[in-house]
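**Q** What follows is each chain in one-letter form.
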Amino acid sequence: MSEAVALSRIPLDDYTALLGPAEIEELRALAKPLRGRSIEMINSTAVGGGVAEILNRLVPLAEELELNIKWDVMSGGEDFFDVTKGFHNALHGAPYHTSAKDFEIFLAYNEHNRATLPLDAEFVVVHDPQPCALIDGRPPGANHWVWRCHIDLSHPNRAVWDFLEPFVSRYDGAMFSSPEFSRQLPIPQYLFYPAIDPLSEKNCELESEFIAQVLTRYRIDPQRAILTQISRFDRLKDPVGVIRAYRIVKRYFDCQLVLAGGSASDDPEGAIVLKEVLREAGHDADIRVIELPAWAPLEVNALQRASTIVIQKSLREGFGLTVSEALWKKKPVVASAVGGIPIQIIHRHTGLLAHSVEGTAYQIRYLLSHPEIAAKLGEHGHQHVKENFLITQKLKRYLTLFLTVARKP
Amino acid sequence: MKTAETPFEFVTVSYLTRIGNQSAGTLAELLTGLEQCSDASIFYHTYQTLGSHHFLTEGFSNDFAQWVLADTNRNDLAEQLAALDIRDYVSIAALRSDLCRVVGDYCEAHRQFAGQSALERFYFCESVEVTVPLGRNARTLDEFRDGIQHLSHAGFYFHFISSRLRLQLKTNDFSHWLADSLGLRTLADSVNKIDIYTNTLDSTRTKLVRLIDRERRKA
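Residue numbers (the working numbering), protein chains in the order written: chain L, 3 to 411; chain U, 20 to 238.
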């Protein structure tokens with residue numbers, strides 16, 4: 003195991019300008035009864051992935067509130083991570099052939115980490131399935147263990163879930179990103195939304211000159227409507243469906259389509275999907291298919307801010323935080339009603355939901371015809387994110403959780 | 020300026036959302052859920068949702084109405100559910116009874132729709148409440164005004180909206196204290212009449228402060 007050091011340190015007071023002093027004061031008031039009390043966050047990686055990104059932001063903010071928080075990363079060999087990657091896909095419903103050997107490897111690494119991790123904090127928060135068997139090392143006494151599941155467990159592979167469930171059921175509570183993602187469990191389950199950081203490079207305000215430069219670089223015309231979907235080249239994000247919806251819209255409106263996602267060069271399936279997308283796009287000069295570098299937060303930010311409408315036409319989705327990113331930028335969003343998207347898009351209030359290519363096209367046309375409604379949806383979407391999906395709200399939820407589990411006998 | 024014997028103590032509130040074990044995929048299942056879910060669940064989908072969606076001042080009233088509208092496309096039922104005003108209730112039992120009556124009557128009158136599948140399921144959740152004192156209190160109207168201006172949305176919601184259930188009166192913490200502790204009954208009534216369905220928490224606060232300022236000018 004190793005203790006992770008959070009790389010991002012944005013002072014809590016920097017959020018005051020966005021949220022107002024009362025919200026920050028409230029966080030301090032909630033944290034007051036928890037000052038000095040120990041919290042141990044445990045996950046399986048210090049860099050890369052959404053969990054590490056969130057902990058990088060959350061841990062320093064909690065320290066600033068004088069919580070005695072530390073972040074430990076469990077150790078594991080290649081064999082362990084091969085097994086847990088298989089588990090991850092299986093829990094998402096992908097086919098998986100379980101073997102006794104896989105379970106042995108999983109348990110052996112968890113046992114090894116039990117011997118090296120302290121596990122003695124008053125509140126132990128274990129993230130995702132990889133370290134979930136650490137609960138076997140729970141010391142006798144009154145510390146509180148909660149399990150944060152960042153993945154969709156609505157249709158898990160039976161064998162893998164049957165193996166993990168006895169561990170999960172021994173925690174004091176479990177947290178899921180959506181009620182739809184949860185399971186019937188004998189322990190309390192709580193709703194914990196993922197969050198965006200409004201001060202991160204992906205979401206902070208940008209100079210208009212920088213946005214203009216990005217548009218020029220990718221040959222996008224700022225004078226005409228820009229429809230954008232930001233997502234990796236993955237069939238579940240339905241980029242081909244987005245092009246088909248755009249083609250219907252294009253019959254009535256002069257517009258451009260931007261499909262931007264991380265590079266497909268190291269992802270064989272992504273490269274195939276990218277080819278399919280390019281084939282579908284054909285020679286349409288108004289479709290821009292952009293392969294962004296793996297880490298390009300400022301470019302993503304600029305493309306979102308330059309968009310007239312942001313699309314997220316996924317066929318299946320986790321929480322889909324790109325929706326919150328767009329809403330935070332006051333963009334009207336048309337998205338599929340899948341996964342965590344309906345939590346972010348309250349239909350007709352904070353955006354428009356669709357269930358098909360034709361429906362997506364219709365909602366886009368509606369918004370292009372009614373810019374005043376598009377603006378209002380964007381404004382309401384921004385407020386919705388501010389109330390529910392910012393990193394400060396996530397911190398508040400954790401404080402509330404600790405206060406809640408601590409008062410239970 | 021009058022000084023109250025009992026100070027107004029400002030607190031804030033934070034909610035954890037607990038995922039329930041019930042969900043509904045049809046109107047008939049919604050009715051069953053409404054009959055069986057906990058009081059904390061009714062509170063979550065009506066009172067709490069009004070606070071967390073305060074910025075929506077047109078056509079959003081509670082989660083049940085929103086689901087019926089967006090996922091079952093039964094506009095007439097959605098309208099009836101949205102028309103239930105939490106200010107008319109001092110108990111969850113009474114509110115639950117009316118929710119069940121409205122959905123039950125609709126299912127009875129439109130049996131062909133009662134079992135129709137919704138686009139998305141409705142998941143019953145419930146609120147777990149944690150309140151924390153802010154360490155600020157007010158004995159005069161000036162101090163009260165100052166305290167209100169420094170409240171977060173959650174604190175303001177707690178005193179102005181969810182307080183109605185706690186007090187079991189058709190009023191809120193602010194009006195209750197203004198009337199009982201400062202004897203300002205007219206001001207208290209005016210504050211209680213601010214429409215929380217057509218105002219955001221911010222615009223409600225602005226109206227409240229304006230009413231207080233009018234009262235201060237009288238003094």
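Keep in mind the hints are simulated off the structure, nothing from the lab. Heads up, the beta-carbon is just placed ideally off N, CA and C, and yes, glycines get one too. Each hint should be verified, as a subset may be incorrect.
Facing chain L, from chain U, some residues (calculated, C-beta under 10 Å) [what the hints assert, rightly or not]:
| hint | residue |
| --- | --- |
| 1 | Pro-26 |
| 2 | Val-30 |
| 3 | Tyr-34 |
| 4 | Gly-39 |
| 5 | Phe-74 |
| 6 | Leu-88 |
| 7 | Cys-126 |
| 8 | Ala-128 |
| 9 | Phe-132 |
| 10 | Ser-171 |
| 11 | Asp-214 |
| 12 | Tyr-216 |
**Q** Now tell me, hint by hint, if it's right for this structure.
**A** Hint check results:
no.	hint	in the structure
1	Pro-26	17 Å, violated
2	Val-30	9 Å, holds
3	Tyr-34	7 Å, holds
4	Gly-39	8 Å, holds
5	Phe-74	4 Å, holds
6	Leu-88	8 Å, holds
7	Cys-126	23 Å, violated
8	Ala-128	25 Å, violated
9	Phe-132	19 Å, violated
10	Ser-171	4 Å, holds
11	Asp-214	18 Å, violated
12	Tyr-216	14 Å, violated
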